[in-house]
Amino acid sequence: MNYQKTAKSIYEAVGGETNINSLTHCMTRLRFRLKDEGQVDDQVVKTIPGVVGVNHQSRQYQVIIGNDVASYYQELIKLGHFSEDKEEEETAEKMNLFNRFANFISSCMSPLIPALIGGGMIKVILILLPLLGWLSDKSQTYVLLSNFGDAPFYFLPMMLAFTSAKYFKVNPMLAITVAGIMIHPNFVAMVSAGKSVSLMGLPVTLATYSSSVIPILMMVWLMQYIERGIDKICPASMKSILKPLLIIFISGVLALVVVGPIGTYAGKFLSDIILFIQGKAGWLAMGLMAAFMPLIVMTGMHWAFAPIFLAASISSPDTLILPAMLAANIAQGAASIAVAVKTKNKTTRQVASAASISALLAGVTEPALYGVTLKLKKPLYAAMISGGVTGIFMGIVNLKSFAFAVPSVIAMPQFVNPSDGKNLINAVIVLVVSFVLTFILTYVLGFDEETTAPVPVPTMKDNDLIESGAKDTKKVASPISGELINLESVNDETFAQKMLGEGVAIIPQDNQVYAPFDGKVTTIFPTKHAIGLTSNSGIELLVHVGLDTVGLKGKPFTMHVSDQQVIKKGQPLMTVDFKAIKAAGYDPTTLVIVTNTNEFVEVVPTEKTTVSNQDTVIYTV
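Residue numbering for the sequence shown follows this note's numbering, beginning at 63 and increasing consecutively.
There are no misleading hints in this set.
Here are the simulated BS3-like pairs of lysine-lysine, each with C-alpha atoms no more than 27 Å apart in a straight line:
#: 1; residue 1: 644; residue 2: 67
#: 2; residue 1: 404; residue 2: 108
#: 3; residue 1: 67; residue 2: 108
#: 4; residue 1: 560; residue 2: 670
Hints in this document: simulated from the structure, not taken from any laboratory.
All chains, full assembly: derive it from the sequences and hints.
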């Protein structure tokens, strides 16, 4: 896979640096925060090689990639000067309370998932090695490797302090310092001793904050107000000394005396709720969770549940989320294998086969979900039915996960209970039944593949017929005079591969761009190098002047129209200094692209080699 080309295509498809506020990534998704999501055509993004789907969630534009998302991310950050932590101001009108909370949890937890999974897998291996007799649990190697696995969880408050500080725009080093106060070895020793502790006469709750989630999240949320208050009262001349002193002191006191205990009780409350559900209606809860897990993954919210089962896992193994993911992940892999076996489409077989490996061996289901089951629908229904059935069984037997790892075939040791072998046996039963049942259901239910008949390549004769007045024909005139070249020969993969749609490329011979039809201006790009138009007949057109000319920041372009302005065919749209474009080293080739190509039966470019302004260059039927 060419990460650089794909990253560039994604970068351009989402609007480039001018439309990107920030970019982060999780295990499988690029998470963009865009200035205007309306500028992005989801269908165009989905056609980019390497992209398996898109999702809009909590004002994030998520591009689903799969396991190698980090490679694409590294190439993307080379293309623009956008940051990881730049966030737009949210208003109540734009985001409701639930979405704000979900976005907060997801933003804080997602960057930590690789560390948690890495540590979790080490713990999984350490469960297995002593059972196989390959490593003594009394050896120094075992103890040190246990530290490797425990570290991401023990120091979870410090990592969360960093990510939540970025979210709330709090000084991250001060937030980490406060987290350090809460898990300092001396304080931990006081808690272990069990004797009453006070701070300046204030009682300190004996609580253990290592591996906790809620206390530090609450504390950093409060720190944003502490910082603002100190900024208002602290003299400018003393701010560099007094501000960090006061923030650490005030935040530390509040963390140990007030916020930490409240967060601890909140975490215990969540844990008690989970245990109550498991005790009263575990079979129903597990059935529903396993059945609907694919839909939760679709929203990107599956890791937003992390604080819940991490809070619960402090006192007990996870009995809800991770077991449910086991059934769901295996089901997605089995459905993909069934599709690969049954389909007659070579491309579908290749996609389904690769997706099944990702789901079964790595527990990453997005390629299967977006590339196979959701697209074909019936395999998704089969996976959800299977998940519900196996989920009920897991609830009845109270299946437990003893390590934080993404459930998969490889991660099955996470279900090993050293004191009771039945838990692993039940997990294996879930794996086998989920696989077999999903495979059978998918194969029996079948699926409807889209079949596309070959479209004849238009000839000049076809053009003549269209031009002579075929019914429902709509035309696009050339916005500029010049030499026509094949779109495939353009030195830009996005246009050459027609990711944005069918159209023509023109090497311009004058400096004036005219309206190609009657309609209106729908988009003027901030850098003025491109303009979006919509005809009265429904043609959506992109006129892109030059290649990569976004880098000129609008200097060679003079606009004669404004956004949403009604236009008439032949009306001047812009004047372009092509000499300046060439002098700056840019290709002046101008693209005329029908961006809603899929809405027409045919989009037929003219076969002329040269055109004058207002000559017909595209016919649509």
